[in-house]
Amino acid sequence: MKRFEVKMQNSFSPTEFIAVVNQTLEYAYSPVLVTGEVASFKVNQGKWVFFDLKDEESSVSCFMVLWNMRVPLEDGMKVTVRAVPKLTKWGKFSLTVDAVRPVGEGSLKKAYEMLKKKLTAEGLFDPAKKRPLPTDLTRLGVISSTQAAGYADFIKIINARWGGMKVSVAHTQVQGMDAPDQIIKALKYFNERGEVQVIAILRGGGSADDLSCFNDEALVREIAASRIPVITGIGHEVDESLADLAADVRASTPSNAAEMLTHDRAEELAKLERAMNRAKQSLLARVEQARVDNRNKVGNISNSLLTKYVEPMFAANREKISKVLTRIQDELERKATLVRHKQELLVVLNPEKVLRQGYAILSGKISPGSVVKITTLKQDIKAEIKEIYERRENES
Amino acid sequence: MSEEKMSLNQKIEELDGQVEWFYSDDFKLEDATSKYKEAVKLAKEIEKDLNELKNEIEILAEDFSK
Chain P
540 MKRFEVKMQN SFSPTEFIAV VNQTLEYAYS PVLVTGEVAS FKVNQGKWVF
590 FDLKDEESSV SCFMVLWNMR VPLEDGMKVT VRAVPKLTKW GKFSLTVDAV
640 RPVGEGSLKK AYEMLKKKLT AEGLFDPAKK RPLPTDLTRL GVISSTQAAG
690 YADFIKIINA RWGGMKVSVA HTQVQGMDAP DQIIKALKYF NERGEVQVIA
740 ILRGGGSADD LSCFNDEALV REIAASRIPV ITGIGHEVDE SLADLAADVR
790 ASTPSNAAEM LTHDRAEELA KLERAMNRAK QSLLARVEQA RVDNRNKVGN
840 ISNSLLTKYV EPMFAANREK ISKVLTRIQD ELERKATLVR HKQELLVVLN
890 PEKVLRQGYA ILSGKISPGS VVKITTLKQD IKAEIKEIYE RRENES
Chain U
2 MSEEKMSLNQ KIEELDGQVE WFYSDDFKLE DATSKYKEAV KLAKEIEKDL
52 NELKNEIEIL AEDFSK
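Top to bottom, those sequences are chains P and U.
The opening residue of the first sequence carries number 540 in the working numbering; numbering runs sequentially from there.
The opening residue of the second sequence carries number 2 in the working numbering; numbering runs sequentially from there.
If we strip away everything but chain P, and leave its shape as in the complex, we get:
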């Protein structure tokens, strides 16, 4: 009786009771992850999604807004939902779902194919929309978990291959239910600022389940809508996500993305050497060619100068030039006459001529006892002077 009285004193209205239960549930189970098979899936008024989540023995009702349904669902798919347990105002128990993702190979594949078909039809993966990566990359945005091995590989490779880049890293989750929204926020961050030339979304290898966040519809749409070109390096070579299809460039792994984004230092050094050798060889060849060409060019230039400048100048000043030429001619002739006279005089004065006539030439100091040289036509004679007499002109 007493216990009943206590209860009476704490009596709730139905609304109060439901509110208290919901508060308790929220405290105890918020949020809760539940995995099961989808049944009785339906969408009402294009906004509200209802389905049951069941296993072999039990079933629980689920409710969510269509906006939060980021992967396609259908009956039979196995999914994990993140939800808050609630009593509705009609007293019906249900899970209010804020995130859902398929689990298990079959469901993942099914969801992937359904969304791929839908987005392909919308043209999100159209190859014509793909943009090339800039060849001169200096500012790069990276979206990844800084704890992930794939990220470490990426940084190691870009540092080994290239330098001079500013790399801004947005640290986000890259698996799990929260990953898509965090990656979307990072994409918006880079796009709003417009400071980077390329955004790289990176994640190393993992299970299909781990990588399923890259098949999130909102994320795929955000990648496709990015104003800044996006490259993805997600998982391994064989893993293909819808994020890869929406990106401008798909690299098979984070390491491959690093290689696609950067030049190779060693290769560039070798190219540099080849370029300088080419320049040197060309320079030498050009110089040699110029040497060969110059002779012909000089001839051609002389002719063209004559035709172009000298001949017209002559025509215009013919009279003056004629007078000048006459004066030069007269002067030359006068000089030639002088030279001729001197030549004739030289002939007359030529000692050889005197010797031929039988005379001799005496050279040396003329004094008694001196040795002198006597030159005849055919001989040079040394002689000593014994005595010197005054010559009388009449004796000859």
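Simulated from the structure, these hints should not be mistaken for laboratory data.
One thing to keep in mind: the hints can contain errors.
Derived DMTMM-like pairs (lysine to aspartate or glutamate); straight-line CA-CA distance at most 20 Å [unchecked claim]:
no.: 1; chain 1: U; residue 1: Lys29; chain 2: P; residue 2: Glu806
no.: 2; chain 1: P; residue 1: Lys705; chain 2: U; residue 2: Glu53
no.: 3; chain 1: P; residue 1: Lys819; chain 2: U; residue 2: Glu46
no.: 4; chain 1: P; residue 1: Lys810; chain 2: U; residue 2: Glu46
no.: 5; chain 1: U; residue 1: Lys55; chain 2: P; residue 2: Glu798
no.: 6; chain 1: U; residue 1: Lys38; chain 2: P; residue 2: Glu827
no.: 7; chain 1: U; residue 1: Lys49; chain 2: P; residue 2: Glu807
no.: 8; chain 1: U; residue 1: Lys49; chain 2: P; residue 2: Asp675
no.: 9; chain 1: P; residue 1: Lys810; chain 2: U; residue 2: Asp17
no.: 10; chain 1: P; residue 1: Lys810; chain 2: U; residue 2: Glu15
no.: 11; chain 1: P; residue 1: Lys695; chain 2: U; residue 2: Asp50
no.: 12; chain 1: P; residue 1: Lys695; chain 2: U; residue 2: Glu53
no.: 13; chain 1: U; residue 1: Lys55; chain 2: P; residue 2: Asp803
no.: 14; chain 1: P; residue 1: Lys819; chain 2: U; residue 2: Asp32
no.: 15; chain 1: U; residue 1: Lys42; chain 2: P; residue 2: Glu812
no.: 16; chain 1: U; residue 1: Lys12; chain 2: P; residue 2: Glu806
Start from chain P and add chain U according to the hints.
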């Protein structure tokens, strides 16, 4: 564009252009020596950059989980 502000890639492109000049119709023997010296200087600068330039990695302070 001044060399101070040129990125490594821009410098390499510039050098490619300078080398191509030696094969182009613009080639002038009287400019060749200075052009060659210019190219050698740029090549040395690029080599230095290639060997010394580091990437600047910045982890953003922004919390993307909120």
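Here is what the structure says about each hint:
As the CA atoms of Lys29/U and Glu806/P are separated by approximately 31 Å, the hinted pair breaks the 20 Å bound. With a C-alpha separation of about 15 Å, the suggested pair Lys705/P and Glu53/U falls inside the 20 Å cut-off, and the hint holds. Taking the CA atoms of Lys819/P and Glu46/U, the gap is about 18 Å. The hint holds against a cut of 20 Å. Annotation: proposed proximity of Lys810/P to Glu46/U holds, straight-line Cα distance about 14 Å (limit 20 Å).
A C-alpha spacing of about 16 Å is found between Lys55/U and Glu798/P, which places the hinted pair at or below 20 Å, so the restraint holds. Distance check on the hinted pair: Lys38/U and Glu827/P sit about 19 Å apart at the alpha-carbon level, within 20 Å; holds. Note on Lys49/U and Glu807/P: the hinted pairing holds, with a Cα-Cα distance of about 12 Å set against a maximum of 20 Å. The straight-line distance between the Cα atoms of Lys49/U and Asp675/P is roughly 18 Å, inside the 20 Å bound, and the hint therefore holds.
Distance check on the hinted pair: Lys810/P and Asp17/U sit about 10 Å apart at the alpha-carbon level, within 20 Å; holds. Only pairs whose Cα atoms come within 20 Å are accepted, and Lys810/P paired with Glu15/U is accepted, the gap being roughly 14 Å. Of the supplied pair hints, the one linking Lys695/P and Asp50/U holds, its CA atoms being roughly 18 Å apart against a limit of 20 Å. Our distance criterion of 20 Å between C-alpha atoms is met by Lys695/P and Glu53/U, whose separation comes to about 16 Å.
Simply put, Lys55/U and Asp803/P have alpha-carbon atoms about 13 Å apart, close enough for the 20 Å limit, and the pair holds. With a C-alpha separation of about 14 Å, the suggested pairing of Lys819/P with Asp32/U holds against the 20 Å cut-off. As the CA atoms of Lys42/U and Glu812/P are separated by approximately 13 Å, the hinted pair is consistent with the 20 Å bound. Distance hint between Lys12/U and Glu806/P is fulfilled; the C-alpha atoms sit about 15 Å from each other, no more than 20 Å.
Hint check: a violation occurs at hint 1 only; the rest are consistent with the structure.
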